[in-house]
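Chemist: Starting from the known structure of chain A, arrange chain B on it as the hints suggest.
Protein chains: 2
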Amino acid sequence: MDIESRLAETADRVTVALDALLPRAVGPEARLLSAMRYAALGGGKRLRPFFTLESGRLFDADETALLRTAAALECIHTFSLIHDDLPCMDDDDLRRGQPTVHKEFDEATALLAGDALLAFAFEILADPATHPDPQMRCKLVAGLARATGPQGMIAGQALDMLGSEMSSDLIAITRMNRLKTGALISFSVEAGCLIACAPEDAKHALVRYANDLGLAFQMADDLLDAEGRAEEMGKAAQKDARAGKVNFVTVLGEEAARARVRLLATQAKGHLAQFGPRAKLLTQAVDFVLDRRY
Amino acid sequence: MDIESRLAETADRVTVALDALLPRAVGPEARLLSAMRYAALGGGKRLRPFFTLESGRLFDADETALLRTAAALECIHTFSLIHDDLPCMDDDDLRRGQPTVHKEFDEATALLAGDALLAFAFEILADPATHPDPQMRCKLVAGLARATGPQGMIAGQALDMLGSEMSSDLIAITRMNRLKTGALISFSVEAGCLIACAPEDAKHALVRYANDLGLAFQMADDLLDAEGRAEEMGKAAQKDARAGKVNFVTVLGEEAARARVRLLATQAKGHLAQFGPRAKLLTQAVDFVLDRRY
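Just so you know, the sequences run in chain order A and B.
Heads up: the first sequence begins at 2 in my numbering, then just goes up one per residue.
Heads up: the second sequence begins at 2 in my numbering, then just goes up one per residue.
None of these hints come from the bench; they were simulated from the model.
Careful, some of the hints might be misleading.
You can't tell identical chains apart in this list, so a pair holds if it fits in one copy or across any two.
Subject to a maximum C-alpha distance of 30 Å in a straight line, what follows is the list of computed DSSO-like cross-link-like pairs (lysine-lysine) [claimed, not checked]: (1) Lys281 x Lys46; (2) Lys281 x Lys246; (3) Lys270 x Lys46; (4) Lys204 x Lys281; (5) Lys46 x Lys204; (6) Lys140 x Lys204; (7) Lys140 x Lys270; (8) Lys46 x Lys246.
So that you can see chain A by itself, here it is in the shape it has in the complex (with noise of 0.2 Å):
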């Protein structure tokens, strides 16, 4: 199976996951669940689920458990993304192309549909359906928490609002960078490595895959900005300009930002060197993501 289908077969999968893990949009309290079921169900490219679902592959991991984590892990990208729209953060009215959250019901409605998938992330992986073990559970949830919240993705997501007033230096960018999108990444593919009980050298290598190709996603996702092409992103673009805000493009300038993206993309990839062509598909997965961005 090549990449692209098999990165369309996982989202599949994941979509039909989160559809019947979701609680049904009924009752008085329809108007929240059906902001969840909107967001969560409403497309995306589900690249950490296929982290997760693939480095666990790699060691023959138990497929439901690979799932539901990865269901657990989008809820949070989600719950991130809702949070990353509304107008005290972005303030964007278009993500994938459609309405955000907030522009599609209200605010108080994405707000509190970004807090619901949030803490269902949680239920979904303490449950005895996701691995029968409850020290594995207790690592996964344990493992989540610490990427998503204040020594992780939301930290970085708070490092990303102080714009002009943060440090303009790499270190610093790389840093928020490294918080905002990285430690979710990384933890995609740390939890299939825990899941399947790898080898703990092994699981460094995927965890230095991750890093690297997080890092070149986000510098890409920085230059596509810059080139302002809003329409192949769904979204607003040349919003960091805008914003006064520093990314890497603003540092590094295009060209550099351009060059790094390759040597991060290269030195991804020599991290799966030691797993042979069982580590194909994360291998394309590089180029892929990567692709039309540099």
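Modeler: Coordinates of chain B only, in the frame set by chain A:
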């Protein structure tokens, strides 16, 4: 020890525990971390921690497990207050007589501080320091997630936001309050019982106690709001009436609401009968919590 001293002691212990658990407010994300600490350490009655500690103590449960679980519950409660106060929700400037988080910091920081406290609660619970048995930690995570998420407190907040669109009958308002405040209060008692491995019938009696007290507490709060004593509440009063929201007082009238608070208080104490004098503090808590309110 009398109820007043015990509540004060519990509040101190929980504040000390949270102070130790929450990340220091240093580094580039100091603003986010300061906002979390401002909200979580800035007082409050710490009723939920009191319920967890006292329920667990009825069966001599481990104090560390109770205290860490109480701290996690308080993180969730604090998150809900921060988000409830935001402009797109209740739009409150004061909480416990102090500026709300978005007033003291800014909206984006308040949003993210709430998010971070929500995630952090699960980080605390999943940590082996909370309880040596991973099965127990999973039960606590699952229970807290359910009490918080799309079928718990957050659903109640969503119903509350419907305002005049919500059915204005007593059943609908009772359900809204059972979700909005009842779910977390009930779980605070249930968590103490879980950690103590309390017998099922004892747990059920204590959860019924919490349900009745939670409902009475909310009715008393609606009465306070109707009487409009902003000073006493440390926050804006008569918000519901002005916002066209239905609550127990708008549906039942003041007199009937007051009678119902008294009935629920008696009923709550009745559930404790089987525990004899050991439940003295939980019994006293009913009058103390509702004292100046009916």
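Chemist: Are the hints correct? Go through all of them and say.
Modeler: How the hints compare with the structure:
no.	hint	in the structure
1	Lys281 x Lys46	within (19 Å within a copy, 57 Å between copies)
2	Lys281 x Lys246	neither (37 Å within a copy, 58 Å between copies)
3	Lys270 x Lys46	within (20 Å within a copy, 54 Å between copies)
4	Lys204 x Lys281	within (17 Å within a copy, 53 Å between copies)
5	Lys46 x Lys204	within (24 Å within a copy, 45 Å between copies)
6	Lys140 x Lys204	both (15 Å within a copy, 28 Å between copies)
7	Lys140 x Lys270	within (27 Å within a copy, 40 Å between copies)
8	Lys46 x Lys246	within (26 Å within a copy, 41 Å between copies)
The structure shown violates just one earlier hint, number 2.
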